[in-house]
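*Asks:* Residue numbers (the numbering used here), protein chains in the order written: chain A, 4 to 277; chain B, 18 to 309; chain C, 93 to 457.
Worth flagging that the hints you see were computed from the coordinates, not collected in a lab.
Just so it is clear, CB atoms sit at the ideal spot from N, CA and C, and this is done for glycine as well.
Among these hints, one or two may not hold up.
Claimed, not checked - Computed beta-carbon distance windows for the label pairs:
1) B:200 <-> C:225: 16 to 26 Å
2) A:265 <-> C:243: 34 to 44 Å
3) A:265 <-> B:208: 30 to 40 Å
4) C:224 <-> B:114: 23 to 33 Å
5) C:395 <-> B:230: 45 to 55 Å
6) B:217 <-> C:269: 49 to 59 Å
7) C:449 <-> B:208: 48 to 58 Å
Stated by the list, open to error - Each computed DSSO-like pair below joins lysine-lysine, with the alpha-carbon atoms no more than 30 Å apart:
8) A:265 <-> A:166
9) A:185 <-> C:221
10) A:265 <-> C:221
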Amino acid sequence: MKGARLHPLVVMALLLGAGVMLAPMVWTLLLSFKSNAALMADSGAAFSGPYTLENYAAILKGSLTLQWLANSLIVATGATVGVLVLSSLAGYGFARLEFPFRRTLFVIVLLGLAVPEQAVILPRHQLFAMLGLHNSYPGLILPSLTGSFGVFFMTQYFRAIPKELDEAALLDGASRFTLFWKVLLPLTFPAQATLGVFTFLAAWNDYWWPLISATTSDRFTLTVGLASAQMNYAQTSGLGFLMAQAVFASIPILVVYIAFQKQIVRAMAGTAVR
Amino acid sequence: MTAALRDRLAGYAFVGPFLLVYAAVLIVPLVMGIVISLHRADLFGRREWIGLDNYAQALGDPVLHQAFGNTVLLAVLIVPPLTVIALLLALALNRPGKFAAVLRGVFFSSLVLSVTIVTLIWRFILTPDAGLIAEGLEAAGRAPIPFLSDPDLVIPAIAVTTLWWSLGFPVMLILAGLQQVPGDIYEAAALDGAGRWTVLRRITLPAIRRTLLLVVMLQTAAQLQLFGQAQLLTGGGPGGASRTIVLYIFEVSFGRWELGYATAIAELLFGMIIALTLLQYWLVTRHEEPRA
Amino acid sequence: MSGLELIDVSKSYGATPVLERVSLSVLPREFIAFLGPSGSGKSTLLRIIAGLETADSGEVWLDGERIDTRSPGARGIAMVFQHYALYPHMTVRENMAFGLRNAGVARDEITRRIAQAADILEIAEQLDKKPGQMSGGQRQRVAIGRAIIKQPRLFLLDEPLSNLDAALRGRTRVELAQLRTRVDAALIMVTHDQAEAMTLADRIVILDDCCIQQVGTPAEVYARPANAFVARFVGSPPMAMLPATIAGEEAGRVCVRLAEGTVLATAVPAGELVAGTEVEVGLRPEHVRLAAPGEAGLAAQVELVERLGDRTFLYAKLEGGAEIIALEPGFGTVRPGDAVTLAIDAPCAHVFTASGAAHHPEPRA
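Looking at chain A on its own, in the form it has when it is part of the complex (with noise of 0.2 Å):
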């Protein structure tokens, strides 16, 4: 059945609803190249020119947009980083390493996929508070290297490494570290695009969080500083200003996604889902 041809009718479905997914995209990206003036008069003018770039110029002007762009990036990068790294070394550690409790630790690692974020967020954000960290980037990005799905998918990747390598490695002379460094974490790689990929899309994201730990304007993510344009639209900030700010906060994790899309695909396919 894999192969076999897809009846017209099914054809037909999966086009409308291409158009149901594509159309509210499309409608906003020329909404955002509208004037702000000629939305006010007829919203219906989105479908007709004439277009303006005049809503991106005000945002690279005056606007906290990229404020909250560098933000974005800097807390999504953070995230993925830590992610990758502490998940790289857990992920090896299980999967290879021999250490007392190293069967219940993981599994209390594991049981930490059943907690939802709703279990600890005020707890979280009560103990941030203790700690002054609100308001700052490590209070961001924290959050969200508890993560337990990095460290399962990586010990099950690391898992699937024949264990020949690392023997072929111990003859060879290597250190630990050497073996885990040289042979074992560059064959990860395409884990870590996975990995790193839904990182940094969860980090970039995320809402809940720095909606209540990012409290003043210049600290918002873009997610939140979107939220709080979008709030109080009305006063300020035209409908076409709004979908370009849409527009630009999509760009970049377009790009990663584009960029990576081979690498999660594979992943996904391959040794990812056992």
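With chain A fixed as given, assemble chains B and C onto it according to the hints.
*Replies:* Frame of chain A; chains B and C shown alone:
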């Protein structure tokens, strides 16, 4: 130092950094949460032990009851359709070729957007005041529909928005599951003269039942925690008709500053999610042979 | 003392013993094969020598130095793994250099040795390829190259041919035979394939049931198997084992009576084999043939005919159910189901007692 001891230390050196962060930023708050929920507490550090009073209050809170109803309704309106649509899409798109590849890209695309952008877009699609749907209705000579201010329509509107936003990840997971099914099973089935429908029902679906279970468990947990869409699209209105449990937690903690009570509600939600997840897992796996 | 010396090596996994007090001496430059069924402990023994597993007790010495206390990389041992274990992300050159770099060998010395090994193994063209771009045979050579280049004192091969198809296997066998002329080291090969062991090894170590059953040259283990297990295990098709009792002796050699009544006069010295003892008579296929017309012999029914072109094996059943295998030169005309008479070369028969102990024929003085 013996080799065995060095190996143990190496083990802790590798897993230690993660465990440290995990303990400090996840386990400590998890325990703190249980403690706080037993106190009358505010955001500024006031604590007064009240035992289970917060939980008793929650059970009799009509606003929470409404939010609970809204949340369950949303989950019911989102999870089953999402799973079915994602399954159908994955089945249709699990094939080589450009056409399928492009469509996969299209259906994955919305998952990269943040909730802020999704609600921004959908607010202006749904608004009766010159929204995309209103424009369409107007062109057809019909009156615009106030999706976000009609108490009967606001929940379905949020559900549709969420479906549009959440579709990509389940499709991706199910596609990955489908690709794990060994091709020779299909060849054997073809030799056995099985038709398309039989192959789907007797071979494909059983082979990906664990993936489907994962999708349902993840989505149930996610939708029971639905927050951003409701907060940004409607603020929970009109008249609380779209207030979800998490939105209520947010209001109680950061609007009314009743941290203890908000935490107690969060613990109840936690328990509910765990119970549902376990129930789903048990329902799907109880007939399976124990796996070696 | 040079060479490899194993002293009382024991190993168990939990309550399951794998090796029990195994001792063995391997001479310098000797080619040894560990042969045994799966689960016989042969791989574990190899891994203990390499340092990939730790023995529960016992010692491993190499060239007069005790090595079982050292890390695998510091033993002067190189190993070719069953699945080659080439590092997939490194080129062939980097694969070969990795061990030398870890050992701190100078850069130009590494380059020199790689060039030399690549030359010998004819993989000079492939040095900048990655393992994924190579065929199975080429990967095997790289794995051998990676081992040679370390100039080890002991060379270990774990099932080196099991991953290759039949055609490549023959060629690689020749290469392995050449390998020993190129390395100044003892070689130990683990295999479950007796043809490999017989062709390549100077001596074969046969393992089963946690213990060494026999150590000997291929000719010794074939002609004078130490016990019933070795007799059954070595030789293809295997030695037939016929239940019998000792009937008496004749000029110091025992006569045995087969279950179906025939008495055979063997060349096995009587020794402590007294009349009435239950034994098994072992007969290689080449000592059983179709009787000439009129010649006396054992009546048997042919069950399976294995035609190999130059010779044919007949798998037959005697009256009473004992299984026997006969060798017939050429293509043969016998078909399954045929009733035949088999002539037996009784002076070549072996006798095994119930405990498995072997009694071999001896020519008369």
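*Asks:* Now look at each hint and say whether the structure bears it out.
*Replies:* Checked hints:
1. B:200 <-> C:225: 16 to 26 Å: holds, 25 Å
2. A:265 <-> C:243: 34 to 44 Å: Because 43 Å falls inside the window, the suggested range holds.
3. A:265 <-> B:208: 30 to 40 Å: holds, 34 Å
4. C:224 <-> B:114: 23 to 33 Å: holds, 26 Å
5. C:395 <-> B:230: 45 to 55 Å: holds, 53 Å
6. B:217 <-> C:269: 49 to 59 Å: holds, 56 Å
7. C:449 <-> B:208: 48 to 58 Å: Between residue 449 (chain C) and residue 208 (chain B), where Cβ atoms are some 54 Å apart, the hint holds.
8. A:265 <-> A:166: Since the Cα atoms of residue 265 (chain A) and residue 166 (chain A) sit roughly 27 Å apart, the hinted pair holds (cutoff 30 Å).
9. A:185 <-> C:221: holds, 18 Å
10. A:265 <-> C:221: holds, 23 Å
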